[in-house]
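Asker: Sequence:
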Amino acid sequence: MTSRSRASALRPSPLTLMVLVLLAEAPMHPYEMQRVMQARGKDTVVRVQRGSLYPAVERLAAAGLIEPMETERAGRRPERTVYRLTDEGRDTAELWLTGMLREVRNEFPEFAAALSFLPLLSAAEARSELMARLVQLGKSIAAVRSVTDGLTAQYQFPRLFLIETEYQLAMLEAEHAWVSGVVEDIASGRLTWDAEQIRAWADGVARGGALVPGIPRPMSENGPPR
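The numbering of the sequence shown is UniProt numbering, which starts it at 1 and goes up by one.
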């Protein structure tokens, strides 16, 4: 298999793209990559862990997108391999970046999955948990604002270099507004449910000939769903 075919078979991810982008700046060893990511706050948008970074680097090297340049040792520390970007790696980084910007992909967020199972809880229980989420969202919004305001005030960061944080803040604020609306609808009775309502709805749809997925009964009223 050629390096080009190996590269095309490699699935892009935020972490592998981040590695390519960093090596486009300068050759680095993985420890330095991790340090730079964290220093720049990229660990808020890319999951940066030693256990995932090193395998990602190895996959990129095997695909011919990066290559070892030298091995260095500092004091008694273990040897570290310094990597550099290949020409194919540079082209691939641009291809991955434009694809991630252009294409809308289902990232299967945990919260959306939890919402799909809302009938497992009573309306009151769901409202309580969503109110707790609102508290956490409020804290996250305040934290992001604090960071961006601090960086802007202290270093006069241009908007371009905080654009991902701006996006994060917009998503958090949008979710906070949406969850607040759901909580209000449950409190007012505009959105409500119980075991009988769920069963009656499912039976009615089934009688109409539609395929209905298994609807769990609220756990609080009938115990674990069967």
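Certain hints may be false.
[What the hints assert, rightly or not] Simulated DEER-style distance windows between Cβ atoms:
| hint | residue 1 | residue 2 | range |
| --- | --- | --- | --- |
| 1 | E72 | R159 | 29 to 39 Å |
| 2 | R105 | R76 | 43 to 53 Å |
| 3 | G189 | F117 | 16 to 26 Å |
| 4 | E129 | S52 | 48 to 58 Å |
| 5 | A62 | R159 | 35 to 45 Å |
| 6 | S188 | A62 | 27 to 37 Å |
| 7 | M171 | L151 | 17 to 27 Å |
| 8 | S8 | G204 | 42 to 52 Å |
| 9 | E129 | R47 | 22 to 32 Å |
No lab work stands behind these hints: they were computed from the structure. Think of the CB as a built atom: it goes at the ideal place given N, C-alpha and C, for glycine as much as any other residue.
Asker: Each of the hints needs a verdict: does it hold here or not?
Answerer: So, going through the hints one by one against the coordinates:
1. E72 <-> R159: 29 to 39 Å: With a Cβ separation near 37 Å, E72 and R159 satisfy 29 to 39 Å, so the hint holds.
2. R105 <-> R76: 43 to 53 Å: holds (45 Å)
3. G189 <-> F117: 16 to 26 Å: The hinted range 16 to 26 Å holds for G189 and F117, with Cβ atoms some 22 Å apart.
4. E129 <-> S52: 48 to 58 Å: violated (30 Å)
5. A62 <-> R159: 35 to 45 Å: Given range 35 to 45 Å: holds, Cβ gap about 38 Å.
6. S188 <-> A62: 27 to 37 Å: violated (57 Å)
7. M171 <-> L151: 17 to 27 Å: holds (19 Å)
8. S8 <-> G204: 42 to 52 Å: Check passed, 50 Å falls within 42 to 52 Å.
9. E129 <-> R47: 22 to 32 Å: holds (25 Å)
Taken one by one, the earlier hints fail for this structure at numbers 4, 6, listed in ascending order.
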